[in-house]
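There are 2 protein chains.
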Amino acid sequence: MGQELGITVSKQKNPSEWYTQVVQKADLADYAPVKGCMVIKPYGMQIWNSIKEEFDKKIKATGAENAYFPLFIPESYLEKEEDIVEGFDPEVAWVTHGGEKELEERLAVRPTSESIIAPFISKWVRSHRDLPLRLNQWANVVRWEATDTRPFLRTREFLWQEGHTAHATEDSADEETELRLEQYREVIEDHLAIPSVLGYKPEHDKFPGAKYTTTIETLMPDGKSIQSGTSHQLGQHFAEAFDITFEDENSDEKVCWTTSWGLSTRTVGALIMAHGDDDGLKLPPKVAPIQLVIVPIYQDETKEEVLEYSGKLQEQIKRSKGCGCREDIRVELDDRDHRSPGYKFNEWELKGVPLRIEVGPNEVDEDAVTIVRRDDGSKEMGIDRREFLHSVEDRLGEIQESMFDELESYLDENIREASSKEEILGTIGKSRGYVKTRWCGDEACEKEVKDQISAEIVVLPFREDSEPETIQDSENVIGGDCAVCGESAKRWAYFAKNY
Amino acid sequence: MGQELGITVSKQKNPSEWYTQVVQKADLADYAPVKGCMVIKPYGMQIWNSIKEEFDKKIKATGAENAYFPLFIPESYLEKEEDIVEGFDPEVAWVTHGGEKELEERLAVRPTSESIIAPFISKWVRSHRDLPLRLNQWANVVRWEATDTRPFLRTREFLWQEGHTAHATEDSADEETELRLEQYREVIEDHLAIPSVLGYKPEHDKFPGAKYTTTIETLMPDGKSIQSGTSHQLGQHFAEAFDITFEDENSDEKVCWTTSWGLSTRTVGALIMAHGDDDGLKLPPKVAPIQLVIVPIYQDETKEEVLEYSGKLQEQIKRSKGCGCREDIRVELDDRDHRSPGYKFNEWELKGVPLRIEVGPNEVDEDAVTIVRRDDGSKEMGIDRREFLHSVEDRLGEIQESMFDELESYLDENIREASSKEEILGTIGKSRGYVKTRWCGDEACEKEVKDQISAEIVVLPFREDSEPETIQDSENVIGGDCAVCGESAKRWAYFAKNY
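Protein chains in written order, with the numbering used here: chain F, 144 to 642; chain V, 144 to 642.
Among the hints, a few may not be true.
Identical copies go unnamed one by one, so any copy, or any two together, can satisfy a pair.
DSS-like cross-link-like pairs, simulated, lysine-lysine; straight-line CA separation at most 25 Å [claimed, not checked]:
#1 K487 with K397
#2 K168 with K266
#3 K573 with K593
#4 K464 with K200
#5 K429 with K203
#6 K461 with K203
#7 K522 with K487
#8 K203 with K168
#9 K201 with K590
#10 K487 with K266
#11 K593 with K244
#12 K201 with K464
#13 K200 with K461
#14 K564 with K640
#15 K200 with K429
#16 K223 with K178
#17 K455 with K203
#18 K429 with K201
#19 K367 with K564
#20 K564 with K201
#21 K266 with K178
#22 K154 with K590
#23 K154 with K487
#24 K522 with K154
#25 K455 with K573
Please keep in mind that the hints were generated in silico from the structure rather than gathered at the bench.
One chain only, chain F, in its complex shape:
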């Protein structure tokens, strides 16, 4: 393998350069001429489309409908909701000219669409019969981030879905917020094989104007946390600002409760970081564009028989799911004549294909295959072809599970409890990961830590014992004192450095 093809740095020693190399060399993305923007290449796009299809299926099955709202939001619309203005104004790209003419009013390229969608929800919702109204759009958005832009992880333009819903009651909005977060969990944990932590964002870090924000946080191998998806209960705040009301069963005018929730191409970045290794990308079978690759190994005199056997094998694997109407298994035959088997091995490892099948004259003679797993590098030779065909699905399932389990151990090992400020600082400084601690709910206590070590509270986890029911519950139900100020604690909080 040429220097050019492979990854030349260690993921552990230089995660940042490692990431840049994997993104480019595994053909996931390229750098656009405008700083902070990216070109998503076909291989990266297939991964995003797999995530998209998976989530789209889930939300359609639970009442959401896709729509499309305009890219441009008049400045006066953005200003209708104060918190949105303050939250997003510094990051807005502004259109000021159409053709040769200066526009009368500046147009924001949407950084998020609450302020353009809410007026239509207001118009379309008349009666309690119109509720809940659940809209979703798959779209591009722009946030003029100044620093640290990186393909997928932080880009000025990115692709995402944004769901926007309106409800008759607070309970219904709470349930919606929870349902969408749970569906994010299914995508991240079950489809991408990345165990994660679900919970609330602290009050001071919620979506501008929201009642509360829930988040799914994922621990990256460099010990930093990444927000993979967020689901916001917006309360009645937006409904009041945009006049979203309905007539209830008694013909009384009521104000709606609304939610919004989003998942972006950032998840592709999390996927790359979470699973990759020094040989490149490592993809869980469910999301892999190519699940198996067949590499034929031959000399001139064995070429014909090896290629014929490989070609048949490819067809058999493709259809091996049985019924014939379920989706085919995604298998490629790499029959390029100008590349050596060794080159091909390295290239497919770089691209993270879960299973490699080697077919040489021996395999043909024995009616067998040799297989190599990408996740653990294990090799099995001389597996009977028929037996292999029967076990393809199970083998892919096993890899999917094993990749999840490996990261789960990593996550478990990297949640460390601390009960004083010094301990928080020491633990994050030394080991990174999540530092679990009792917290009084005061931003000042977070700030004390943040000022010293640029770690913050990334999530107030759902899954701890004696969990308060909602973020509003202010009782000291978890017992004990805040690790920073010593006052009575309200919740468990996870400190971490983050993306």
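Keeping the supplied structure of chain F fixed, place chain V upon it in accordance with the hints.
Using the frame of chain F, we list chain V on its own:
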């Protein structure tokens, strides 16, 4: 039915107001706060997504891969290709500020992406082995049209796909251009049931910088033509401007041939216009989000049995395709209690659902259904339920075909030959439609007509006899003289008013 729900004008007498009402009342789209932009509502989005899925399947099966390129194109990139600048500059929306800061260079919101995609094709293509390279993106684009904006038909922001390919030879680029036009024909004629005319655009009306442009033109019921899709052979012009070269088998450096091709949400507008009638939208079964609607008709004492029968019927229809793994038939049960059957009939007619099934106590007693076709209004009562279930697919197929046939007769009747300028003017003035005429190839002859009656040459059709092989052929192979100037004619040309 309230005044509010139904269409209040005649399609024939006032097509423009009719269109506006159908778009809004059938829940297809709404008007955005920015002039010329639109909100695509879920029902309209389902139609666009059906077109999208249909075309996406075709291009994937023929070698194209989806990617995503940036929304913003630096002004200097647009300027690299002179014809593009001249062609699109007046219609560009410009971003000048990111957050509080003025940008160093203005960014165009893409009006089309040749100038941002070509540099990457240049970078990615190295050897003849990389060719043909076929990229496609599904994206939003912006063209700051000043006048006559209408939802779907002409909007400042619209959704589309744009394909961009690079080839080693001219033949390969010609074939690509033809293949994509043929796939547009399949979508428009087979999926949307709209017979169309395929051909070249005149030299002076081709895509800026292209070698030639092919188009699929559709005749609307108001006698105007609409361009439903275009496929451009770009020659080596763009490849030279953007340095798209490759090393051939002999290690010689060669310049590529490129193509581009696009289909947009405008097709949804064509669909509305082509099939609709005074009762509203009329959808061909293949593209209809709801193919059948069941309307139960009951009194208090028959409600339970009618609803039970209807519910079972819905399940049976859904699965009536047999195998159980093919896509379900799209059937809805309208069991709203607060609406009368009459209201529902009108609403589903307005929304263009191809088949309505009425179920009352009589149908339950007879184990039968009553069905009403949207396309011709015909009603069949007392059809045996089992017989109906066996025939659902055939019935939908028959409607699809019949809707195509009806428009085909209309198209045939509205292609009228003319052999002098006066005859062209008279025929368009009196009957609209296409006026077929011999043409010398000189823009001046078109201009003489255009100046007097604002009709132009919309297509040089492929399908006439004695067709020149390519647009470049300058022989008078069709015989006869140009209808306008009397010089030797080069091709058949269709004049029409257009969208």
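Against the structure, the hints come out as follows:
With identical chains, the CA atoms of K487 and K397 are never at most 25 Å apart, being 64 Å at best within one copy and 27 Å at best between copies. Proximity of K168 and K266 under a CA criterion of 25 Å is satisfied inter-copy only: 14 Å between copies versus 49 Å inside one chain copy. In the homo-oligomer, the alpha carbons of K573 and K593 lie at most 25 Å apart inside one protomer (15 Å), although the nearest pairing across protomers, at 78 Å, exceeds that limit. Taking identical chains as interchangeable, the C-alpha atoms of K464 and K200 lie at most 25 Å apart whether they share a chain (21 Å) or sit on different chains (21 Å).
Taking the shortest alpha-carbon separations for K429 and K203, both the intra-copy value of 20 Å and the inter-copy value of 20 Å come in at or below 25 Å. Taking identical chains as interchangeable, the C-alpha atoms of K461 and K203 lie at most 25 Å apart only when they sit on different chains, with a minimum of 17 Å there against 28 Å within one chain. In this assembly of identical chains, K522 and K487 lie within 25 Å of each other by CA distance solely inside one copy; the values are 16 Å within and 64 Å between copies. Within a single copy, K203 and K168 get their C-alpha atoms only as close as 35 Å, which misses the 25 Å cut-off; across copies the closest is 24 Å, which meets it.
Neither within a single protomer nor between protomers do K201 and K590 lie at most 25 Å apart by alpha-carbon distance, with minima of 38 Å and 55 Å respectively. For a Cα distance limit of 25 Å, the shortest separation of K487 from K266 across copies, 22 Å, qualifies, whereas the shortest one inside one copy, 57 Å, does not. Proximity of K593 and K244 under a CA criterion of 25 Å is satisfied in neither setting, with 47 Å inside one chain copy and 28 Å between copies. With identical chains, the CA atoms of K201 and K464 are at most 25 Å apart both within one copy (23 Å) and between copies (24 Å).
Taking the closest pair of Cα atoms, K200 and K461 come within 25 Å of each other both inside a single copy (23 Å) and across two copies (18 Å). Proximity of K564 and K640 under a CA criterion of 25 Å is satisfied intra-copy only: 15 Å inside one chain copy versus 76 Å between copies. Taking the closest pair of Cα atoms, K200 and K429 come within 25 Å of each other both inside a single copy (15 Å) and across two copies (21 Å). For a Cα distance limit of 25 Å, the shortest separation of K223 from K178 across copies, 19 Å, qualifies, whereas the shortest one inside one copy, 30 Å, does not.
For a Cα distance limit of 25 Å, the shortest separation of K455 from K203 across copies, 22 Å, qualifies, whereas the shortest one inside one copy, 38 Å, does not. In this homomeric assembly, K429 and K201 come within 25 Å of each other (Cα to Cα) both inside a single copy, at 15 Å, and across copies, at 24 Å. For the identical chains of this complex, K367 and K564 are intra-copy neighbours only, at 19 Å inside a copy versus 75 Å across copies, given an alpha-carbon limit of 25 Å. In this assembly of identical chains, K564 and K201 lie within 25 Å of each other by CA distance neither inside one copy nor across copies; the values are 42 Å within and 60 Å between.
In this assembly of identical chains, K266 and K178 lie within 25 Å of each other by CA distance solely across copies; the values are 18 Å between and 39 Å within a copy. For the identical chains of this complex, K154 and K590 are neighbours neither inside a copy (31 Å) nor across copies (66 Å), given an alpha-carbon limit of 25 Å. In this assembly of identical chains, the alpha carbons of K154 and K487 lie at most 25 Å apart only when taken from the same copy (22 Å versus 62 Å across copies). Proximity of K522 and K154 under a CA criterion of 25 Å is satisfied intra-copy only: 24 Å inside one chain copy versus 70 Å between copies.
Within a single copy, K455 and K573 get their C-alpha atoms no closer than 54 Å, and across copies no closer than 64 Å, so neither meets the 25 Å cut-off.
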